[in-house]
Amino acid sequence: MNKSISAAKKLTGALAIPVIFAAVLLILCAANGKSMIANRTGFNYFVLYTAIVMLTTMALSINLNSGRFDFSLGSMAVLASVLSSRISYAMLQGGPGSAAAMLLLGILIGALLGLASGALYVTLRIPPIIASLGVTLIFEGLTFTLTGGKYVMTEVRNASISAFAGNWIWSLLVIAAALFIVIWLFDHTKFGYDYNALKNGQKVAVNTGVREVPNALVCYAICGALMGAVGFLQVARSNSINGGSLNFASISIMFTAFLPMFIGGYIGRYVNEKAGYLLAALCMSMLNSTFAAFSNEVSASAQSIINAVLLVLFLIWLSNERRLKQILRPIRS
Amino acid sequence: MDSKTALLKKYKRRQRLVTVLPFVALAVLFAVLCLTVQAKGYRLPMYLKILLNEGVVLAIVATGATFIYTLGSFDISLGASTLFSATVGVMVYNATGNFGLMLLAIFGVAIGCSLLSSVLASVFHIPVFVTTVAMMSVLSAVAAQIITANGGALGGISIPAEVVRPFDVMWFKILVLTVFFAVCMFLFDYTKLGRRQKFLGGNPVCAKLTGIDLNKYAILAFIMAGIGVGIGAFLTLVYTPSVTTGTAGSIGMNILVAIVFGGMPISGGPRSKIYAAVVGGFSYIILNNILKILIDSNAGYGISQIVSAVFFLAVVYVTGMNYRSQLLPR
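If you read the sequences in order, they're chains A and B.
Per my numbering: the first sequence = residues 194 to 526.
Per my numbering: the second sequence = residues 123 to 452.
These aren't lab readings, by the way, just hints derived from the structure by calculation.
Just to be clear, a hint being listed does not mean it is correct.
Claimed, not checked - In the DSBU-like style, the derived pairs of lysine-lysine whose C-alpha atoms are separated by at most 30 Å in a straight line are:
1. B:K131 / B:K320
2. B:K134 / B:K320
3. B:K338 / B:K126
4. A:K383 / A:K203
5. B:K330 / A:K392
6. B:K132 / B:K320
7. B:K320 / B:K330
8. A:K392 / A:K203
9. B:K330 / B:K314
10. B:K171 / B:K132
11. B:K134 / A:K396
12. B:K320 / A:K343
13. A:K396 / B:K162
14. A:K396 / B:K314
15. B:K134 / B:K314
16. B:K330 / A:K518
17. B:K314 / A:K518
18. B:K126 / A:K396
19. A:K396 / B:K414
20. A:K396 / A:K383
21. B:K414 / B:K171
22. B:K162 / B:K414
23. A:K518 / A:K203
24. B:K171 / A:K396
25. A:K202 / A:K518
26. A:K392 / B:K320
27. B:K162 / A:K343
28. A:K392 / A:K202
29. B:K162 / B:K134
To be verified - If you want the ones that stay clear, here's a sample from chain B, every Cβ over 12 Å from chain A, calculated:
30. F196
31. T332
32. A436
33. R446
Please read all numbers here as calculations on a predicted model, not as lab measurements.
Note that beta-carbon positions come from the ideal geometry of N, C-alpha and C, so glycine has one too.
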């Protein structure tokens, strides 16, 4: 009996934020005679954006939860997508299977880039935030040199990639695969146990024999692989790659993941944290679709402001939850 | 005993090297720039003026930001804050035609934005970094909205060049940098403000137990950073009297690079140095200009960024070599 109550509480806790998000946004759309997802194309992009946000959030949280801030995630995604699009185009000339080839190559190249970034950090033993600044500049520089600072379009505009973007099932498969692999790796393997030990007590974990360097390298490789996939998904969404990002312009990709990371962390109190990231990504995708529905009324600047205000409001609530509950207790009783 | 003495000597030798290295790097880079400009047959005074214009803004904003970084905190919104302050300054001048009001608006907005970040962080207990990420988004977006609505994203908004022309001289910019640096150095090295900030950055728990109020010193640090942003925004307008959405775009991250390049640890604390921002800021600007001259093509921008990143990592590696631990740094 107790177990079922606990399960019900867990379910309520996990779904509360997504349901509130959905309710508010749907009411907002209905009140203005708009629909959040107008047609199948809208739904395809909804699922695709959910995948992008979930994967980016996972990549950001893996290192950030261990106290390693990584600015290079965005540059990794862009460079991986440039390289994978070039190689897949050279192999298949944009023919059938291009999307699958680019996705797999993106994941592989992303993992290698992540590994290189991690290797630099563990070799130089400089703070990860500093190492990531250097890596970001290097990856952005490489992308700019490879593309001449231009948009990459020929290599990514083909029927195969359009078919991927045009069917939500593919995005859903990416979400399911990423969720399964990340949950398995971090919750059911020795690597995951070591990661959690290092996350919660670096010194104690190292003193008890956990090998920190290989663990950090694998973390960076996983983040890279996730960002490689994000690079591909971004290409599917926008049909081009901006090769002209220099001087840290690529870090904005990472900022989209802050709010879902905190929302996912909150939901993670009730269910698996990674599933929390999926639910948080769903919230972000609903918000993004609503912005698209209101694109004539809400400018891009206003969207940025709304996102930032939501982030601050959520964090105010999260950081002062106990105090707020104390204040609200007399009102409730 | 002998081996201990030898180790201590080695440590001290390295420590001296670490202290001197950023200055040596700056001197070497400056010499290389002069030689490169001469070899290419360009005009050196023109390059010195470019360096000064770019370097002064970065050095001033980064010097103010040093107070925040000393606490072990982090502010990524300073570039956006510079853009927003300059935007409001231009709007106020165009509305009133009053130079004094423009200055007041620039400094008021810069300090106000900084204070808002620190108050949000200290009153609502939000991680400072996240607050500044949100502030960056909001300030950039609002500035972009104002600029686009009043002049277009590319053309931007502007004030008449005559308004700021009297200040567009080398001696004025050097004077502003010197005065601001001297004030910051005094506060940082010779008052309890600087000492307590270093203590808080080095060991916040211990500092709190001795009765030091973190919130108070965080707010003071953000005010200093706000003043730096205000001066930076004004000098940006002096250099180019128009503001576009791209103005000061890279300052936020370049501050980080400058501070680290100058030999200060990003974790703050007692090893923080007030001169790091000036030395590192100018070194980074000079390095970028050398590379721009040497690699003179469109693709060269990418290569020069890679070279400058490698140089940056090398300097950070050498300056941090005395502080390696068995555990990976976080």
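Verification of the hints:
1. At most 30 Å may separate the alpha-carbon atoms for a hinted pair to count; B:K131 and B:K320 meet this at roughly 26 Å.
2. Between B:K134 and B:K320 the CA atoms are separated by roughly 21 Å; this keeps the pair inside 30 Å, and the hint holds.
3. Proposed proximity of B:K338 and B:K126 is contradicted: the alpha carbons are some 42 Å apart, above 30 Å.
4. For the hint linking A:K383 to A:K203, the alpha-carbon distance of about 27 Å falls within 30 Å, and the restraint holds.
5. Restraint check: the Cα-Cα separation between B:K330 and A:K392 comes to about 25 Å, which is no more than 30 Å; the hinted pair holds.
6. Straight-line distance between C-alpha atoms of B:K132 and B:K320 comes to about 26 Å, which keeps the hinted pair within the 30 Å bound.
7. As the CA atoms of B:K320 and B:K330 are separated by approximately 13 Å, the hinted pair is consistent with the 30 Å bound.
8. Distance hint between A:K392 and A:K203 is fulfilled; the C-alpha atoms sit about 24 Å from each other, no more than 30 Å.
9. Restraint check: the Cα-Cα separation between B:K330 and B:K314 comes to about 15 Å, which is no more than 30 Å; the hinted pair holds.
10. Restraint check for B:K171 and B:K132: the C-alpha separation of about 41 Å exceeds 30 Å, so the hint is violated.
11. A hinted pair counts as satisfied when its Cα atoms are at most 30 Å apart, and B:K134 with A:K396 qualifies at roughly 27 Å.
12. About 45 Å separates the Cα atoms of B:K320 and A:K343, which puts this hinted pair outside 30 Å; it is violated.
13. Of the pairs offered as hints, the one joining A:K396 and B:K162 is violated, with about 54 Å between alpha carbons and a cut-off of 30 Å exceeded.
14. Distance hint between A:K396 and B:K314 is unfulfilled; the C-alpha atoms sit about 33 Å from each other, more than 30 Å.
15. With a C-alpha separation of about 27 Å, the suggested pair B:K134 and B:K314 falls inside the 30 Å cut-off, and the hint holds.
16. Taking the CA atoms of B:K330 and A:K518, the gap is near 27 Å; set against the 30 Å cutoff, the hint holds.
17. For the given pair, B:K314 sits about 39 Å from A:K518 by alpha-carbon distance, which is inconsistent with the 30 Å threshold.
18. Distance check on the hinted pair: B:K126 and A:K396 sit about 26 Å apart at the alpha-carbon level, within 30 Å; holds.
19. As the CA atoms of A:K396 and B:K414 are separated by approximately 45 Å, the hinted pair breaks the 30 Å bound.
20. At roughly 18 Å between alpha-carbon atoms, A:K396 and A:K383 fall within 30 Å of each other, so this suggested pair holds.
21. Restraint check: the Cα-Cα separation between B:K414 and B:K171 comes to about 16 Å, which is no more than 30 Å; the hinted pair holds.
22. With a CA separation close to 12 Å, the supplied pair B:K162 and B:K414 stays within the 30 Å bound.
23. Among the hinted pairs, A:K518 with A:K203 is consistent with the structure: their alpha-carbon atoms are about 19 Å apart, no more than 30 Å.
24. For the hint pairing B:K171 with A:K396, the CA-to-CA distance comes to about 50 Å; that exceeds 30 Å, so the pair is violated.
25. Proximity of A:K202 to A:K518 is assessed by CA-CA distance (about 17 Å); at most 30 Å being required, the pair is judged to hold.
26. For the hint pairing A:K392 with B:K320, the CA-to-CA distance comes to about 27 Å; that is within 30 Å, so the pair holds.
27. Distance hint between B:K162 and A:K343 is fulfilled; the C-alpha atoms sit about 28 Å from each other, no more than 30 Å.
28. At roughly 27 Å between alpha-carbon atoms, A:K392 and A:K202 fall within 30 Å of each other, so this suggested pair holds.
29. For the hint pairing B:K162 with B:K134, the CA-to-CA distance comes to about 41 Å; that exceeds 30 Å, so the pair is violated.
30. Its beta-carbon lying about 8 Å from the closest one in chain A, B:F196 breaks the requirement of being farther than 12 Å from that chain.
31. At the 12 Å boundary, the C-beta of B:T332 stays outside the reach of chain A, the nearest C-beta of that chain being 25 Å off.
32. The claim that B:A436 is not at the interface with chain A is violated, since a C-beta of that chain comes within 12 Å of its own (minimum 9 Å).
33. Not every CB of chain A is more than 12 Å from the CB of B:R446 (nearest about 5 Å), against its label as outside the interface.
Checked against the numbered hints above, the structure breaks hints 3, 10, 12, 13, 14, 17, 19, 24, 29, 30, 32, 33 and satisfies the rest.
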